[in-house]
Every structure is written in structure tokens, then in C-alpha cells.
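There are 2 protein chains.
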Amino acid sequence: MARAWHLKYRPEGLPTADNFEIRDVDLPKLKDGELRVRNRWLSVDPYMRGRMNDVKSYVPPFAIDAPLEGGAIGEVVESKDKGFAKGDLVLHMAGWRDEAVIAAKTALKLPDLGVDPQQFLGVLGVTGATAFFGLLDAASAKKGDTVFVSAAAGAVGSVVVQIAKAKSMTVIGSAGDKDKCDFVKSLGADAVINYRGGPILRGLAAAVKEQGGDGIDVYFDNVGGDHLDAAFALAKPNARFAICGMIEGYNKAGPSSFRFIMRVIAMRIRMQGFIVFDYQSRMDEFYKAMGAMLKSGQVKSEETIVDGLDSTPEAFLGLFKGTNTGKMLVRL
Amino acid sequence: MARAWHLKYRPEGLPTADNFEIRDVDLPKLKDGELRVRNRWLSVDPYMRGRMNDVKSYVPPFAIDAPLEGGAIGEVVESKDKGFAKGDLVLHMAGWRDEAVIAAKTALKLPDLGVDPQQFLGVLGVTGATAFFGLLDAASAKKGDTVFVSAAAGAVGSVVVQIAKAKSMTVIGSAGDKDKCDFVKSLGADAVINYRGGPILRGLAAAVKEQGGDGIDVYFDNVGGDHLDAAFALAKPNARFAICGMIEGYNKAGPSSFRFIMRVIAMRIRMQGFIVFDYQSRMDEFYKAMGAMLKSGQVKSEETIVDGLDSTPEAFLGLFKGTNTGKMLVRL
Chain B
835 MARAWHLKYR PEGLPTADNF EIRDVDLPKL KDGELRVRNR WLSVDPYMRG RMNDVKSYVP
895 PFAIDAPLEG GAIGEVVESK DKGFAKGDLV LHMAGWRDEA VIAAKTALKL PDLGVDPQQF
955 LGVLGVTGAT AFFGLLDAAS AKKGDTVFVS AAAGAVGSVV VQIAKAKSMT VIGSAGDKDK
1015 CDFVKSLGAD AVINYRGGPI LRGLAAAVKE QGGDGIDVYF DNVGGDHLDA AFALAKPNAR
1075 FAICGMIEGY NKAGPSSFRF IMRVIAMRIR MQGFIVFDYQ SRMDEFYKAM GAMLKSGQVK
1135 SEETIVDGLD STPEAFLGLF KGTNTGKMLV RL
Chain C
835 MARAWHLKYR PEGLPTADNF EIRDVDLPKL KDGELRVRNR WLSVDPYMRG RMNDVKSYVP
895 PFAIDAPLEG GAIGEVVESK DKGFAKGDLV LHMAGWRDEA VIAAKTALKL PDLGVDPQQF
955 LGVLGVTGAT AFFGLLDAAS AKKGDTVFVS AAAGAVGSVV VQIAKAKSMT VIGSAGDKDK
1015 CDFVKSLGAD AVINYRGGPI LRGLAAAVKE QGGDGIDVYF DNVGGDHLDA AFALAKPNAR
1075 FAICGMIEGY NKAGPSSFRF IMRVIAMRIR MQGFIVFDYQ SRMDEFYKAM GAMLKSGQVK
1135 SEETIVDGLD STPEAFLGLF KGTNTGKMLV RL
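So the protein lines, in turn, are chains B and C.
Residues in the first sequence are numbered consecutively from 835, following the working numbering.
Residues in the second sequence are numbered consecutively from 835, following the working numbering.
It cannot be assumed that every hint is accurate.
Said to hold, decoys possible - Mimicking DSS-like on lysine-lysine, the simulated pairs with C-alpha atoms at most 27 Å apart in a straight line are:
| # | chain 1 | residue 1 | chain 2 | residue 2 |
| --- | --- | --- | --- | --- |
| 1 | C | 863 | C | 920 |
| 2 | C | 943 | C | 1129 |
| 3 | C | 976 | C | 1001 |
| 4 | B | 890 | C | 1070 |
| 5 | B | 939 | B | 1122 |
| 6 | B | 943 | B | 1134 |
| 7 | C | 1012 | C | 999 |
| 8 | C | 1043 | B | 890 |
| 9 | B | 976 | B | 1043 |
| 10 | C | 890 | B | 1070 |
| 11 | B | 1043 | C | 890 |
| 12 | C | 1122 | C | 1134 |
These are computed hints drawn from the structure, not numbers from a lab.
Note that this is a predicted model, so its numbers are computed, not measured.
Given these sequences and hints, build the entire structure.
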């Protein structure tokens, strides 16, 4: 018997604890090629909100009355696949529950990089790869660029800040309170804007000026809305925007308004939406580069940890309130 | 003595005839390296509206109480430059007037391609180059793509439609009345949407379905606003948008709203703003390719002609009412 969080009904707007229900589930007997894993760490991510809507997207929607899914690190407790042994730690997608039976081919044995296993849900996982490929590929960011990163204290943003500094860029971050701004500063950002302290456009203009520049070359967008509009307003010629997330829009039905979108033309802005899964074939390059940056101390893993399976919805909902600094994780 | 249209005061919102005043101007005596030209054709273009605002952009704003500028074809009536002789036809920027004294280095003697001279203001000029480089470079459009073109009966749009058909793409255009839709159809478009006949999103969805497709690969944006939002809504994975103009926003102060901009992420949309002047170094490539398409009849020059210098503001204002089909020109 396992316990798994189910989607009870689809949220409209901001989800609440009521959308989720924990239920007992029977685990089937293992067949050949399957593993039984006991989860140690669960990942909660903003993109999961999208899967709670009944719309076609790059991942299928969650089904009602079925266990939710998500990245997880588990320990193999029983194996019917010769590639895995009892005690192996694996990365897989049967999160939001304490125990699961999974196909061995959907599990990745953690490579031995001498790091804590939960880092494969964070800086060495989808989160870190999103930061890495978004900044360096989608936005073509390079040495000397001035980079604006929204939600810079978040899981992805905090890694973007560190990679950008490791590559000799000027970094301006935004975050939602003083503690987070201090955290972003501690990651090496040259300037940090508290976006709850006034219009983000005013804050960004001041930060740009303070850095002695006259605009931004790169915007890494995790937020959308006013942040994106401020980036339009302050983009330099040939600026590149990596559009990674628009958390501001995930929970609202209404449109987003932009006063400065027309600058896309005059400034020849390139906006590139991207999904980390498109970079699957380049993960070796990522492990190598990120492993080196971790080893050298240029990138540090930052986590907010919530304990216990029962707290999973709380951890997930916290993403939209901004209660996390760095990667949000549930420890079982 | 010459007559030249001056900007009397800056428009707010839609310009009116009252913003312009025709005044007599003295022409200075020719110095070495200068030409006196009598204009035969004047170009009016949507981008000129931007220059009427007092804001920094890719071209400096027009000055108050000074003659307006714009592309023109003139005949040299006096030359103090050995590169030009009386009777030469030249392309230059001292439009909005009947006669001008210009530096010879700012004039281009029309290459002898056996075409009417005014085509160098249209399909063989900035207009045609905008269509050519926007479609094939900024949007990377290629054979087999489904291309959506807004303002498809306009100067740039009508050339985009023809190039796209010449390159074996499926073309869906939009235009603002039945006559224009018929015109776009006559250019070879596979489907045409009358955007005054209902929401553009509904029209585009129907056109896409009618073509047996499930979305668009390329959007050539001349309009912004609801057209751009419909393109977000119906973009296929890895769609490319060339952002050429947003005429819907040129005369309004308020923001533009988008319901579907978040699809930039899921569909990995690339939006690329561009300015034709950035392709200056590739004009030979353009003359060669466009010259061949004109000769073969794959591209035809389409013009709306207004007669007389006095009608120049009327021609310009007509751009925003959509009174032109193809390139809007003033004939002197």
C-alpha cells in the first residue's frame, strides 16, 4: 500500500489545498522490467500548474482522480530489471507519492558526481538545465552582456544568476522581498530589484543606470507581465529574450498588457520560447559544464526544503506565493 | 523657390491634415558635390508616423517647422557632382516636396533593370526588401511552411504573399474589406480573412482548417494587436514570427493586450523584430532575386497612386485608414 496525492478537480486561477487529496493506492506485483522505489525527494515545479488545466500543451494534462506526477529521487527497494539493484538511487517521474512501481526504462540511475542526490532535481536536473540552455542557447548570452533575470531567487533564476556571473556578464535580478534580494546579491548579482517596492520598470531603469549602462542585452523571463514589459522598454539593439516561464499568468484567465512591445521592432529584439526537454540530446554537455561549475564553487545549490509527503501541496502552492528561495523540494 | 510639407506640431494618436503645412522654401545655390532634383514620385510609409513622435528610435524624430523627409524618385535638373548628369533619375530621401538640393552621396542613381522608376520606391525598394528579408531571413520561412500575413493587401504584405507563393508556401492573408481580400486572392494567397468580418482569431482558425492544417509555421506581422494574439494562439511548434510593424499601435497611447502570449513557451515560438536598413549590405542579393521574380512574373508591382504634392498628407493618412492597395505613392 502506498499513499499518493491525486488531483481532485481542476483549479481555476490560483490552486488551493482543496484541489488535492491524498489517497491510498495498491501497488501491483512487480513484472519483468519494473522497479519498486521508495521516494526520498520530490520536486514541485511551476510548470505543473499548466498540467492541471485540461488543455493541449507540451505535456499532457493531469487526469482527475489519478496520482499526480513529477520529478522524484527514489531508492530501489525491489528490482526485476538487471540494470538496477536494491539500494540504487534513481531519478524518475512518479513523484507526489511515497512509493511507486515504475518501468525501469523510465528511471535514470544517478551518475556518481559526488553530490547530494537531491541536486539531480535542482541544479543538476531539469532546473539547472533550464537555466543553462535558456541563458546560453535560447538567449545566446555571452561575456560582457547585461542580463536581467526575473524571479532571480527562484529555482531556475538563482542558477541563471550564477552561470551568468561565472561567464563574466553583468547581472540584474528581481525578487519579491528583502531577504530574497539579499540572497540574490549573495549569489553575485550586480544589482537586485525588489519588485514589490515599486514599478519594476522604474527599478530596472535605476539598476541599469547604476551599472553605468543604457539598457539590457539579455532578459531571462520567468515571470511575464510587467517584468517582460520593462524588458521591452529597456532592451538594447539586438537584445535576446529567453522566455522560460510566465508565472504571473499561470493562474489568471485575463490577458497580459504591454505598453512597450512595439520596441521589438526598433530594437530588433529576438524572443525565443523554449522547453528544456528539447535539449535532451545535449545533457552530457550540461553535466560536464555544470559539474565543473559546481566543483569550482562558481555555482552553488540552493534549496528550500519542506518535510513530509503530507506537505507536498503546501510546497507546490508556495511556488506561487514566492515562499521558496532556490529549488523547492519535499523530503520524505 | 520650392514647396515642402512641414510638420506643424506633433500628432497625438491618429494624425490629421492639420498636423501638416505646405510652405515655400528657398533653395540654396548649388555647392560642389550637390544636386538639384525635381521630384517625380514620393513615398509615404507607416514608419513615418513613428518619426512624428519626439522619441528616440532607429531614426531620429522629424523636427517641428522643418520639411518632412521620405523616399523619393527625382530627376536631376542641375548637378555639381561628376557622378550625376542632368536628366538622371535618382532615389533619395528628400521627399514631401517638389524640389530639393541634396548631397550627391545621399542619392542612388537608379540601376537599369528595365522597370518603371517608381518601383524603386516599392517592390524594388525598401518595401520589397522589407518583405524579402523579413520573410526569408527574420522568419526563416521555407518551402512547405504555412505563412500568415497581416495587412496582406498593403505595400509590404502584398509582396510577402507573392514571394511566399513563389517559394511554394501555403499563404493565409488578412485584409480589411472585400475588394482587398479579392486583391490578395488574386496575388495567389490560398486563403484570405476579412478581419472586419469578425474576430481575427476565429477567421484564422477557420482558414487554417480549410487548408487542412493545424496551425501556422510563420507569421509576418504588420499589425500587432489581435492579429499577433491570433498568431500566438495558432502557432505550431517552432513557429517563427517576423515582427515588421504594428500599425494598430502606432496611433494609440494605451497598452496592447494578449491572451495567448504564453504559448510562446509551449510552442517554442521565435519572435524576431527587424528593420530593413540592417540588410543594407545584402541589397545586391535582393536586387538579383527580386529582379528575377519580377521578370518571371512571380511578383507583380501593385500601386495606389495619388496625384499632386498637395495630396501628400492625404496619401499618408490613408495608410492608417487602409485606403491603399499595394504601395501608396504620390505622383508629381
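To see whether the hints hold, each was checked on the structure:
Straight-line distance between C-alpha atoms of residue 863 of chain C and residue 920 of chain C comes to about 16 Å, which keeps the hinted pair within the 27 Å bound. The straight-line distance between the Cα atoms of residue 943 of chain C and residue 1129 of chain C is roughly 21 Å, inside the 27 Å bound, and the hint therefore holds. Using a Cα cut-off of 27 Å, the hinted pair residue 976 of chain C and residue 1001 of chain C holds, with the two alpha carbons roughly 7 Å apart. Our distance criterion of 27 Å between C-alpha atoms is met by residue 890 of chain B and residue 1070 of chain C, whose separation comes to about 12 Å.
With a C-alpha separation of about 23 Å, the suggested pair residue 939 of chain B and residue 1122 of chain B falls inside the 27 Å cut-off, and the hint holds. A hinted pair counts as satisfied when its Cα atoms are at most 27 Å apart, and residue 943 of chain B with residue 1134 of chain B qualifies at roughly 23 Å. Our distance criterion of 27 Å between C-alpha atoms is met by residue 1012 of chain C and residue 999 of chain C, whose separation comes to about 21 Å. For a cut-off of 27 Å, the pair hint linking residue 1043 of chain C to residue 890 of chain B stands: about 17 Å separates their Cα positions.
The suggested pairing of residue 976 of chain B with residue 1043 of chain B holds, with an alpha-carbon distance near 21 Å, which does not exceed 27 Å. Proximity of residue 890 of chain C to residue 1070 of chain B is assessed by CA-CA distance (about 12 Å); at most 27 Å being required, the pair is judged to hold. In summary, the hint linking residue 1043 of chain B to residue 890 of chain C is supported, as the alpha carbons are separated by about 17 Å, within the 27 Å threshold. Only pairs whose Cα atoms come within 27 Å are accepted, and residue 1122 of chain C paired with residue 1134 of chain C is accepted, the gap being roughly 15 Å.
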